[in-house]
Structure formats: structure tokens, C-alpha cells
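Taking the hints into account, I'd like the entire structure generated from these sequences.
First to last, the protein sequences are chains A and B.
My numbering numbers the first residue of the first sequence as 914 and each following residue consecutively.
My numbering numbers the first residue of the second sequence as 24 and each following residue consecutively.
Among the hints, a few may not be true.
Mimicking SDA-like on lysine to any residue, the simulated pairs with C-alpha atoms at most 20 Å apart in a straight line are [what the hints assert, rightly or not]:
1) A:K1063 <-> B:R94
2) B:K103 <-> A:L926
3) B:K154 <-> A:A1044
4) A:K1063 <-> B:F97
5) A:K1063 <-> B:E124
6) A:K1063 <-> B:E98
7) B:K154 <-> A:G1167
8) A:K1063 <-> B:R80
9) B:K154 <-> B:E124
10) B:K154 <-> A:E1051
11) A:K1063 <-> B:E139
12) A:K1063 <-> B:D96
13) B:K103 <-> A:R1060
14) A:K1185 <-> A:G1167
15) B:K103 <-> B:A89
16) B:K103 <-> B:G202
17) B:K154 <-> A:L926
18) A:K1063 <-> B:R197
19) B:K154 <-> B:E139
20) B:K154 <-> A:R932
21) B:K103 <-> A:E916
22) B:K154 <-> A:R931
23) A:K1063 <-> B:S95
24) A:K1063 <-> B:I130
25) A:K1063 <-> B:K103
26) B:K154 <-> A:G1049
Hints in this document: simulated from the structure, not taken from any laboratory.
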Amino acid sequence: MREMAPLIENECLKIVRRRRFTVIVAILLAILGVVAWSQAQQLARRQNRDWRIDLEQRVARYENRLRREGINPSWERAMRAELARLRYHLDRGIDPELPTAPFFARGFANVGGFLLLPLLVAVLASDIVSAESAEGTERLLLTRARRRWKVLASKAAALFIFTTLTLVVGGAIAWSASALFLHPGGWDAPVFTGFVFRDGGLVVEQARQLPLWLDTILAYGLEWYAMLCVASIGLLLSVLFRSSAASIGTMMAGLIAGTILTRMSPDWTAGKYLFVSALPLADYYSGQAPPYDGMTLGFCVGLLGAWAAGSLALAFAIFTRRDVV
Amino acid sequence: MEALPVLRAQHLSKTIGRRLIVDDVSIEVRRGEILGFLGPNGAGKTTTIRMLVGLIRPSGGTVEIAGHDLRSDFEAAMRKVGCIVEGPDLYRFMTGRENLEHFARMIGEVRPEEIEAVAATVDMAHRLDEKVRTYSLGMRQRLGIAQALLGGPDLLILDEPANGLDPAGIREMRELLRGLARERDLGILISSHLLGEVEQMCDRVAIIHRGRLLTSGPVSELLTRTDGWLMQVDRADAAASIMRDRGLEVARNDGWLEFQAGRELIPNLIEALVREGIAITSVQPRKRTLEERFLDETHGETV
Chain A
914 MREMAPLIEN
924 ECLKIVRRRR
934 FTVIVAILLA
944 ILGVVAWSQA
954 QQLARRQNRD
964 WRIDLEQRVA
974 RYENRLRREG
984 INPSWERAMR
994 AELARLRYHL
1004 DRGIDPELPT
1014 APFFARGFAN
1024 VGGFLLLPLL
1034 VAVLASDIVS
1044 AESAEGTERL
1054 LLTRARRRWK
1064 VLASKAAALF
1074 IFTTLTLVVG
1084 GAIAWSASAL
1094 FLHPGGWDAP
1104 VFTGFVFRDG
1114 GLVVEQARQL
1124 PLWLDTILAY
1134 GLEWYAMLCV
1144 ASIGLLLSVL
1154 FRSSAASIGT
1164 MMAGLIAGTI
1174 LTRMSPDWTA
1184 GKYLFVSALP
1194 LADYYSGQAP
1204 PYDGMTLGFC
1214 VGLLGAWAAG
1224 SLALAFAIFT
1234 RRDVV
Chain B
24 MEALPVLRAQ
34 HLSKTIGRRL
44 IVDDVSIEVR
54 RGEILGFLGP
64 NGAGKTTTIR
74 MLVGLIRPSG
84 GTVEIAGHDL
94 RSDFEAAMRK
104 VGCIVEGPDL
114 YRFMTGRENL
124 EHFARMIGEV
134 RPEEIEAVAA
144 TVDMAHRLDE
154 KVRTYSLGMR
164 QRLGIAQALL
174 GGPDLLILDE
184 PANGLDPAGI
194 REMRELLRGL
204 ARERDLGILI
214 SSHLLGEVEQ
224 MCDRVAIIHR
234 GRLLTSGPVS
244 ELLTRTDGWL
254 MQVDRADAAA
264 SIMRDRGLEV
274 ARNDGWLEFQ
284 AGRELIPNLI
294 EALVREGIAI
304 TSVQPRKRTL
314 EERFLDETHG
324 ETV
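So, in C-alpha cells, the structure goes:
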């Protein structure tokens, strides 16, 4: 570890000096700023409406229905869930039809995990090795008294550090940009999660009520895991290709082609083994149906882990053995 | 007792696909000496150098640096080497100092003073805080050498260090390397195709052609190992025909007759010419430049 730390420091320094992370933060600021602004426009249009009376009426309606007997138990659960959410908003004085800043930040894990975050991670990963071969610095880097696996391990570590930072900074920007226009608080709002799709229907038995902050941590945690897998695959591509453009191009083509395949051809069941179909972990966690049957959250986590482990093993095998010409 | 060579490469070979790129090349470099590694482009020079520093895995043979086997003891061996392989490609988006700090961190135990010291050695201290992007090629060459000197190596391996330098830059580089070999007792291996430069800088040369080592030895020995003679006479045509009668091959060059003959034949030849009334103004052994020697060695094998 004593000799690894300086190597990792080197790799982090190079990512910063190449301004890769600056570009990522700029993209996040631009996109999240525009989305938060458009939410604010929505807010402005609704300003005059008295949502409080409306909300009180909806709460009363749910309470009346729940007093009746013989309701389907799963309906009852769903109604209680909705009632708890509405009551929370009524108590805090927050319009339930408008997202709060924490809710916006939480939603970013789902929306971003689909294409934006994987692409940003691909930007980080794609040239982490290939830039060294393209610029000729690989020859200096590998003729130092450090074995090649240590050099690649330091690059992987730096990549994972900045992947993590991308997610954390993304979440922070999502919250702070939306906090300019939306209600900034409400981290303890109740959230219902754990809906499962089975036999073509929504199963609510396993749904649980969580505070928003815990739900957010869980969603970001899953997304973090998924992004580390993307980073591992990106690292392999960066080892394979000598040019950064080729490696980022392949990554983008893979992400986009994979997304199209999984969404457009549900009959091609082998598609469930593509890493792209398992990528929106946060989406599946919050109840969105995966494109293929049998893709439980556990299956997706395992599949991504296998892709990541395979990519890392191949990247190390190639990098430590190949001739540098 | 002679010291262990700081670099000892034995029977190196490299096959890529079915092509034998380097064939049984053995090289030694001792402390304090500069070895010139010569060969035309495509002769296997760069492949050999890459095998010496672990960038390419040899198909056969071993490399030992300061007694450490490069394969089994990579880190200990590489700690003793500083190198530039094919151009000083440093990180252009960082300053000279950041580059040196970057490579120092890969070595460990390098003090900040040492960075200043290596920069001063190559006369780059005043430009150290500018981005490498703004450097001239000569400055990048020098920073490359500074980088190679970090960590106090016993051996420098420099691939074409004079490439792209102007004559003044080449002279500067030559003096710098000579000084390093002498003062720090470093072994230096330089590859080059600028033979004139190597001739003035190196103690020994090794010539590689088509993947095989053709010859190696001290520069002085390679230059005088010759049977060539030059002669100046008043009647060149007559003299040439007498020589041809004796089975010698003669060439006319700028008023000089140039021929190959063993030293023992010379007095006899002079006597014969004098007998024919030819006035001889000068006879001398032809000293060849390394370049001519190099062309001789590779003659007939070039395509």
C-alpha cells in the first residue's frame, strides 16, 4: 500500500489535469440546471392554485374508502401508502404534485443511470490507458520500477475514485440546482418501495415504507455499483484500444445499441445477459419492470458483477503480458 | 578484478508471428562507458532496446541489470535504469516539474532536492514550471534525460537521443552524456543512426543488421582494422595497371589511388612502381570513418 498510494495519486492528478472531471461537472451543471429551471417554470404556473384544499379533500376521500370493509388487501396497502404520502405533505405544507429538491436529487439516480451517468463514466474510463499509448507516455510509465499490474491497479483505483465522485457530485448538483427553485427540505418524506413485477402484474406485498433519505442512499448505492461495473468495462476497452476515440466510441455504441436491443426486441431473451439490460439498477429497485422475465434485482447485481470481474481479469491479463511497441 | 557489467543481455531473440526480428543478440555495458548501438532503420535496434527495458518480452535470452534478472526481479532491475525509448514523450499538459514529480513518485524515496538537482544537470531548472507543451524538442530531450536520472540509476538507455536536435544541441548532448559517464560512473547505451555522433561519443560500438549483431568492439579498433591504402603518384594510369597486374583492385579517387592490400605487400609494390619510373609522393593506410565501416559491415545485405 505504501507504494500504491503515490501511484494512485499520480493517476488522479492526470485525470484532473486532463480536465476530464471538469468536463463532467460542466455537463452535469448544464443538464441539471436546465431541468431544475423547467421545474421552476412549472412551479410558477401553479403558484395561484390552492393545492392545500385539494389535498385535504383527497386525504378525506382515502380515509372514507379505507373505513369500508372487504377491500382487496393489496389495494388497501396501496391506498394506505398514498394516504401516508399525502398526509406528510399536508403536515409539512409541501405541494405533493411538485417535487422537492431531495426528491429531484433522488430521481436523478434513476434518470441518470439510464444513459447519462454511464456515458460520463465512459468519458473518464476510455482514455485512462489509451491516452498513455496514444501520447507515447506509456513507455516511460512502464519502464519504472513498478510492475505493470501495480500501474494498472492504480489506474483502476483512480477511475473508481472519480466514478464515485461523479455520482456524489451529480447528486449534490441535482439537489443544489433544484433547491434554487423547489422546496429544499423533505428528506424524511415517506417513500414506498419494493414493488415487484411478477406474472405480469404489480405485486405490492413486499412494498416497504422508507424515509426518502434512506431510499436515496439505497438508490445511489445501487447506481454506484452499476457505474463501477461500467468503469471496469471501460477500463478493458481502454486497454484494448490505442486511441481514446476508439475506446469511447465503442463504449457509447455498446451502451446505445444495448439499450435499443433490450427495449425493442423483448423476444430475444439472450438480451438479458447483456450488461446494459441490468444497468438501470435504481430503476428496477424503485419498481420499474426489467425488459426480460427472471431479471430480479439479485440477478442484475450478479450479472453486472460477472461482467465487471471478467472485464477486470481480461484487462489485467492483457496489460501485464502485452508487448509495448 | 573487473567489475560486473551493469547491463548484460545474452542471446536475446524476438519472433513476431513467423518473423525473427532479433536473432541471438548479446550486449554488455560496463560502468563508465558509452556503448553505441548502431543499425539501419528496421534492423531490430528498437526491438532490442525495448526488450532491455521490459517493454517487450523476449522470445529467448536473458537480460540482467546490475546483477538482477529483468524477468524474475523486474523492480530491483528497473530501479537501476533510466531510459528514454523512442523520443522523450512526457505529459504535455503538465509542467516539467510536475512530470519529474510524477516519475519520482513511481520510484519512491526521491527527495525534492533531487528533482532540482537533475533539472540543473540538464540545464532545465529555469524552465521547470512551464508546461511541457511549450518546450522545444531539445528541451524535451533534456527533460527526458533528467527524468531518466531520477533515483540515481547505474545505467542509462537512450534510444536515438540526438534525433531532431540541431548540431549545437547534439554537441551539448554529447558533452552531457560524456560527463555523466565519467563523473557518475554510469554505463550508457545509446542507439543511433547518426554514426558521426556515435563515433565521437562512444567507447565501444555494436552494429546490428537484420536482427543480428554483426560486430562489436572498441571504436578505435573498429576504425583501424583496415587493409585499405591510399597512394598519390605522378602517372596514375600506369601505376594502376601495374597494380592490377598484381591482382589488386584499384579505384581512382580525386587524384588518389585506393586499393586493398596486406601491409607486407606494400614495400614490394613501391619497389615495382619505382622501377617503372613512377614518382610516388605519398602512401598511407586509409583510416575509415565509422560510417564507412558501418556501410562495409552491412554491405550486400541491404535490399
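Going down the list of hints, with the structure as the test:
no.: 1; hint: A:K1063 <-> B:R94; verdict: 16 Å, holds
no.: 2; hint: B:K103 <-> A:L926; verdict: 26 Å, violated
no.: 3; hint: B:K154 <-> A:A1044; verdict: 18 Å, holds
no.: 4; hint: A:K1063 <-> B:F97; verdict: 12 Å, holds
no.: 5; hint: A:K1063 <-> B:E124; verdict: 18 Å, holds
no.: 6; hint: A:K1063 <-> B:E98; verdict: 11 Å, holds
no.: 7; hint: B:K154 <-> A:G1167; verdict: 36 Å, violated
no.: 8; hint: A:K1063 <-> B:R80; verdict: 18 Å, holds
no.: 9; hint: B:K154 <-> B:E124; verdict: 14 Å, holds
no.: 10; hint: B:K154 <-> A:E1051; verdict: 19 Å, holds
no.: 11; hint: A:K1063 <-> B:E139; verdict: 27 Å, violated
no.: 12; hint: A:K1063 <-> B:D96; verdict: 15 Å, holds
no.: 13; hint: B:K103 <-> A:R1060; verdict: 14 Å, holds
no.: 14; hint: A:K1185 <-> A:G1167; verdict: 14 Å, holds
no.: 15; hint: B:K103 <-> B:A89; verdict: 7 Å, holds
no.: 16; hint: B:K103 <-> B:G202; verdict: 19 Å, holds
no.: 17; hint: B:K154 <-> A:L926; verdict: 15 Å, holds
no.: 18; hint: A:K1063 <-> B:R197; verdict: 36 Å, violated
no.: 19; hint: B:K154 <-> B:E139; verdict: 16 Å, holds
no.: 20; hint: B:K154 <-> A:R932; verdict: 15 Å, holds
no.: 21; hint: B:K103 <-> A:E916; verdict: 17 Å, holds
no.: 22; hint: B:K154 <-> A:R931; verdict: 13 Å, holds
no.: 23; hint: A:K1063 <-> B:S95; verdict: 16 Å, holds
no.: 24; hint: A:K1063 <-> B:I130; verdict: 13 Å, holds
no.: 25; hint: A:K1063 <-> B:K103; verdict: 19 Å, holds
no.: 26; hint: B:K154 <-> A:G1049; verdict: 17 Å, holds
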